[in-house]
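Engineer: As you go down the protein sequences, you meet chains G and R in turn.
Residue 309 in this note's numbering sits at position 309 of the first sequence, and the numbers go up by one each step.
Residue 35 in this note's numbering sits at position 35 of the second sequence, and the numbers go up by one each step.
Each statement offered as a hint is correct.
Label-pair ranges, simulated between beta-carbon atoms: (1) G:Lys179 to R:Asn176: 39 to 45 angstroms; (2) G:Asn10 to R:Gln217: 57 to 63 angstroms; (3) R:Phe67 to G:Arg331: 50 to 56 angstroms; (4) G:Asp94 to R:Lys287: 54 to 60 angstroms; (5) R:Lys189 to G:Ser308: 29 to 35 angstroms.
Non-contacting residues of chain R with respect to chain G, defined by C-beta distances greater than 10 angstroms in every case (computed): (6) Lys21; (7) Ala73; (8) Thr75; (9) Asn326.
Stretch-level coverage of chain G by chain R, calculated; a stretch enters the list once three of its residues show a Cβ under 8 angstroms from a Cβ in chain R: (10) 106–117; (11) 157–168; (12) 187–195; (13) 202–213; (14) 221–227; (15) 232–245.
Derived from the structure by calculation, the hints contain no laboratory data.
Note that the Cβ used here is the ideal one computed from N, Cα and C, for glycine as well.
Number of protein chains: 2
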Amino acid sequence: MSQLSQRDLNEIYAFAVNLGKEAGKMLMDAAQLRMGEGNATREQRGHIEKESAVDLVTETDEDIEAFIKKEIAKTYPSHKFVGEETYSKGATRDYLIDDSPTWCVDPLDGTVNYIHLFPMFCVSIAFIYESKPLIGLINAPFLNQFFSSCSGRGAWLNETQALPLIRNPIPPMPENAPKGCVFSCEWGKDRRDIPDGNMQRKVESFLNMAAEIGGRQGKGGMVHGVRSLGSATLDLAYIAMGAFDIWWEGGCWEWDVAAGIAILQEAGGLITSANPPEDHATASIEKVRLGSRLYLAIRPAGPSSTESGRQGQERTVREVWRRVRNLDYSRPGT
Amino acid sequence: MSQLSQRDLNEIYAFAVNLGKEAGKMLMDAAQLRMGEGNATREQRGHIEKESAVDLVTETDEDIEAFIKKEIAKTYPSHKFVGEETYSKGATRDYLIDDSPTWCVDPLDGTVNYIHLFPMFCVSIAFIYESKPLIGLINAPFLNQFFSSCSGRGAWLNETQALPLIRNPIPPMPENAPKGCVFSCEWGKDRRDIPDGNMQRKVESFLNMAAEIGGRQGKGGMVHGVRSLGSATLDLAYIAMGAFDIWWEGGCWEWDVAAGIAILQEAGGLITSANPPEDHATASIEKVRLGSRLYLAIRPAGPSSTESGRQGQERTVREVWRRVRNLDYSRPGT
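Chain G with its partners taken away, still in its complex shape (with noise of 0.2 angstroms):
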């Protein structure tokens, strides 16, 4: 493939709308199954009995990403393919994303919310050419909620309502950001408690978002609220949605973010680097790098009569990169 035009670039949309939707109606029936619903046979149901949730949510998890990749290889045998599933029993952990054309794939967002049935989990697709994200689906099944983009036709919250929801104007962001903000942040897995860990540097940053202005030596933020939701595909999608204003996590990878990251762009967000520069007050605000682990996301925000949107923006990433610490999580080959 030499080049994409909005042509192609509309019919693989098209392919991916109903292979999201597909997926995403595979995800609730499994997941109607569990709650002894649906057409369970006696016998599917005895199986179902028999294995442990967590064994379960794997096969289910396995069979969606099957299905996606064998729907892609047989429309588009040419496209790469990294899905999570496929990823995690590969021998590398290296980033294999390069300027071909190429689906990154996370079957099911939100494992332990889907394993106990907690509404927000959900299906993550996502087109790249060039490096770049340029169409994402995100469906979640049990909220009724289908996010959808392409680049040059906009972001959609099931197919009809165009995002951010509130518009006509988007509104700018607060004037002291992070106050007036909702954040959105993860507890996530490394649970190690050892002096300046993650999960330490992670509490120590919320806290100073969530701290009453002139707290915390000057570091509190007093967010409007702090939220946590177990999956940061949706909170990606949230974010383009205007619904929250802030996600800042480190830890999570590329197909958990890649259909999001599509959306968000699509819908004027900007994300960059969750770890503060030095020079955080001056530094240039780099486009994020899809396979870093670490995210900062800033949701679209309209133009105030003292700055632009993305000013608003970028003033927002520095408010933040001024109260966060630094994460660790590293990866080879990057």
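Fit chain R to the known structure of chain G by using the hints.
Structural biologist: For chain R alone, coordinates are given in the frame of chain G:
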């Protein structure tokens, strides 16, 4: 009213279900108006642009409470009414619920979420008799989730799916709880940065629940996930659903929890005080006091080979109490 029969209760329930549906629709209509959707006239849109989101939300809050209050007064003129909006404007902070038939209503729980249009907001309506929440309705219209319960008739999601969702059989509490549990908690509004203040005690408790086993001087609980939704009412709904295992919170009020308690108890959950008694390993586990502002809820649990469901829940309560700090939320008259 001398004594309520099941038939009386059934009638009140049917009335309350309709009321919950209509109030949820009002809430979603107001949200859609803010999204620039629905049937807003040019005049209404002008109104929206002139006012701040917070004023608009206060108006919605008051309108919905007034509607619910009026409908109840029409059908049950002898019943008492305690609503969040009415209470906030009243002269007293006393706990106003006694043995009379009383409706306890929060027209909009998750106000911050609603302002930002994050879907985790809801209407909450409880009917209380002889100080017991007997009927509960929680309508989260942007999630298409409507929770309802009536004493003796079960607890339901969208009137069709019995709660908890996984029930054939209902899983026992994990053997090493809180390990394996989803822990739900809120940062709340008290963000004063004072030594040993509520925010500090909360974060210390969150850290104990989250840290690896053996960490935090033996208090590490290694919960499966930490979640913060910004709605006490929906936290309780998801405990009743079995999606969350443990909810621990201080600072909310009776209208935030009354409907959730009705639904949780009908689903088989346990609710007691957030604050650990001194002899937390052996103290009797007291019934929650509705006006106490301190809550610890455990999901419905089935028996294991070694203990009853209730024993598993009580064991979990003690394991939480061992890890959390006392919170300081007082009110007059209790």
